[in-house]
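Going down the list, the protein sequences come from chains A and B.
For the first sequence, the numbering used here assigns the number 1 to the initial residue and increments by one for each residue that follows.
For the second sequence, the numbering used here assigns the number 1 to the initial residue and increments by one for each residue that follows.
It is possible that part of the hints are untrue.
Claimed, not checked - In silico lysine-lysine, DSS-like type, Cα no more than 30 Å apart, as pairs:
no., chain 1, residue 1, chain 2, residue 2
1, B, K79, A, K35
2, B, K88, B, K2
3, B, K111, B, K191
4, B, K88, B, K191
5, B, K111, B, K200
6, A, K35, B, K152
7, B, K2, B, K152
8, A, K86, B, K111
9, A, K89, B, K200
10, A, K35, B, K111
11, B, K223, B, K191
12, A, K28, B, K111
13, B, K191, B, K222
14, A, K89, B, K111
15, A, K86, A, K28
16, A, K86, B, K88
17, B, K152, B, K111
18, B, K152, B, K200
19, B, K222, B, K200
20, A, K35, B, K222
21, A, K35, A, K86
22, B, K79, B, K191
To be verified - Which stretches of chain A does chain B cover? Using the computed rule of at least three CB atoms under 8 Å from a CB of chain B, they are:
no., region
23, 6 to 19
24, 67 to 75
25, 86 to 95
26, 98 to 112
Worth flagging that the hints you see were computed from the coordinates, not collected in a lab.
Don't be surprised by glycine CBs; every beta carbon is placed ideally from N, CA and C.
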Amino acid sequence: MHELALMENLIDIIEQSARAHDISRITKVRIIVGKLTAAMPEALELAFQVLTRPSTENGSHGINWENAVLEIEEREVLAQCPECHKQFKVDDLSLMCSTCNRPAQVISGRELQVDYFEGE
Amino acid sequence: MKVIVAQDLLEANDGIAGRNRLRWDSLGTLVVNLISAPGAGKTTLLEQVLEDVSRDLAVGVIEGDIYTCRDAERIARLKVATVQINTKGACHLDAGMIERAWQELELQCGKRLDLLFIENVGNLVCPAEFDLGEDIKVALLSVSEGSDKPAKYPLVFHQAQACVLTKVDLLPYTDFDLGAARQEIFGLNPKVAMFATSAKTGEGVEDFCRWLRQQVQVKREKKQDYDQRQG
Ligand SMILES: [Zn+2]
């Protein structure tokens with residue numbers, strides 16, 4: 001359950017940015033989560049709910065998180081062959097290029113990132 | 001109002017990890033992060049490895065544990081400099097915890113280390129996400145856990161430089177499919193170094209130690225190159 005730690009980071013990052021933009025209420029947060037991470041979307045959602053629940057100490061630094069919605073975009077795992085430069089979706093857990101039989105590089109799927117937030 | 005952030009959730013951790021890495025690069029210390037599920041035999045393997053490598057290398061250990069310090073006590077018995085981290089419930093070590101533990105370890109042992117082991121908390125999933133500044137991640141998988149683990153938790157097997165299968169003496173008594181597991185791990189990570197070990201028979205431990213010594217040598221040469229360029 002390191003998702004809790006990830007969501008604590010999320011709250012810190014957003015509160016810092018919100019203060020810089022004079023925003024006091026967060027309405028929506030969008031994050032990007034690659035499928036080659038150890039983070040489970042359901043666990044991220046749960047952690048977000050726990051941390052933004054009113055009456056907890058979290059999120060009480062003058063920023064209102066009540067009714068804030070978390071949106072998660074999941075990214076597929078994509079790899080690229082260094083030989084033929086073909087890009088392919090890794091869904092059978094194999095990073096070998098089917099044409100050249102060479103190990104390919106992961107180019108997407110490792111994201112764990114705040115995309116944007118909305119507030120007022 | 002919409003604010004584009006485009007920032008990594010692990011940015012703070014990765015910054016500290018980078019600092020740790022610079023420090024260990026400047027010292028020429030090879031850092032190995034051991035990751036496995038609980039009960040995979042991490043501490044037992046580490047004990048056997050330490051007995052071998054500490055004969056001629058200066059070695060230290062940072063022990064991560066959720067609540068107890070039993071593992072650290074086991075390691076300290078081998079007269080290897082050891083610092084314990086209690087994560088107080090957290091399921092992983094992060095770079096900040098390691099930075100503090102390293103300061104303590106440096107004070108305690110007072111000499112340059114060739115090799116530092118970090119025994120992560122027993123969890124195959126979460127620790128894989130946190131860069132500690134290590135050179136090498138080692139994923140341990142015991143044959144009693146079942147051969148479907150790589151498919152279930154691909155990240156750690158994708159990132160590891162070495163994968164150590166433990167308790168292979170139990171192979172005849174389990175339905176662990178060694179061929180399938182190897183194939184899956186190589187699929188995720190074609191360059192990984194793979195070792196099949198048994199703490200009971202000692203099989204494979206020597207091979208793993210030999211590989212570690214090679215990595216220590218590589219790190220040493222890197223530091224010498226670096227010093228010459230500075231020098
Ligand atoms: Zn190709």
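Verification of the supplied hints:
Only pairs whose Cα atoms come within 30 Å are accepted, and K79 (chain B) paired with K35 (chain A) is rejected, the gap being roughly 42 Å. At most 30 Å may separate the alpha-carbon atoms for a hinted pair to count; K88 (chain B) and K2 (chain B) exceed this at roughly 37 Å. This hinted pair does not check out: K111 (chain B) and K191 (chain B) have alpha carbons roughly 33 Å apart, beyond 30 Å. A C-alpha spacing of about 35 Å is found between K88 (chain B) and K191 (chain B), which places the hinted pair above 30 Å, so the restraint is violated.
Our distance criterion of 30 Å between C-alpha atoms is broken by K111 (chain B) and K200 (chain B), whose separation comes to about 33 Å. A distance of roughly 12 Å separates the Cα atoms of K35 (chain A) and K152 (chain B); the hinted pair therefore holds under the 30 Å criterion. Of the pairs offered as hints, the one joining K2 (chain B) and K152 (chain B) is violated, with about 37 Å between alpha carbons and a cut-off of 30 Å exceeded. Between K86 (chain A) and K111 (chain B) the alpha-carbon distance is near 49 Å, which puts this suggested pair outside the 30 Å criterion.
Straight-line distance between C-alpha atoms of K89 (chain A) and K200 (chain B) comes to about 41 Å, which puts the hinted pair past the 30 Å bound. A hinted pair counts as satisfied when its Cα atoms are at most 30 Å apart, and K35 (chain A) with K111 (chain B) does not qualify at roughly 42 Å. With a C-alpha separation of about 24 Å, the suggested pairing of K223 (chain B) with K191 (chain B) holds against the 30 Å cut-off. Between K28 (chain A) and K111 (chain B), the direct Cα distance comes to roughly 51 Å. Violation of the 30 Å bound is thereby established for this hinted pair.
Pair hint K191 (chain B) plus K222 (chain B) holds up; C-alpha atoms about 21 Å apart against a cutoff of 30 Å. Of the supplied pair hints, the one linking K89 (chain A) and K111 (chain B) is violated, its CA atoms being roughly 48 Å apart against a limit of 30 Å. Of the supplied pair hints, the one linking K86 (chain A) and K28 (chain A) is violated, its CA atoms being roughly 37 Å apart against a limit of 30 Å. For the proposed pair K86 (chain A) and K88 (chain B), the alpha carbon gap of about 46 Å is over 30 Å, so the pair is violated.
Distance check on the hinted pair: K152 (chain B) and K111 (chain B) sit about 41 Å apart at the alpha-carbon level, beyond 30 Å; violated. Note on K152 (chain B) and K200 (chain B): the hinted pairing holds, with a Cα-Cα distance of about 27 Å set against a maximum of 30 Å. Between the alpha carbons of K222 (chain B) and K200 (chain B) the distance comes to roughly 36 Å, so the proposed pair goes past 30 Å and is violated. A hinted pair counts as satisfied when its Cα atoms are at most 30 Å apart, and K35 (chain A) with K222 (chain B) does not qualify at roughly 34 Å.
Between the alpha carbons of K35 (chain A) and K86 (chain A) the distance comes to roughly 20 Å, so the proposed pair stays at or under 30 Å and holds. Restraint check for K79 (chain B) and K191 (chain B): the C-alpha separation of about 34 Å exceeds 30 Å, so the hint is violated. Counting residues of the region 6 to 19 of chain A whose CB lies closer than 8 Å to any CB of chain B gives 8, which reaches the minimum of 3, so the coverage claim holds. By the rule of at least three residues with a Cβ nearer than 8 Å to a Cβ of chain B, the coverage given for the region 67 to 75 of chain A is violated, with 0 such residues.
Check on the region 86 to 95 of chain A: 4 of its residues sit with their Cβ under 8 Å from a Cβ of chain B, so the three-residue criterion for coverage holds. Requiring three or more residues with a Cβ within less than 8 Å of a Cβ of chain B, the coverage given for the region 98 to 112 of chain A holds, as 3 such residues are present.
The structure shown violates the earlier hints numbered 1, 2, 3, 4, 5, 7, 8, 9, 10, 12, 14, 15, 16, 17, 19, 20, 22 and 24.
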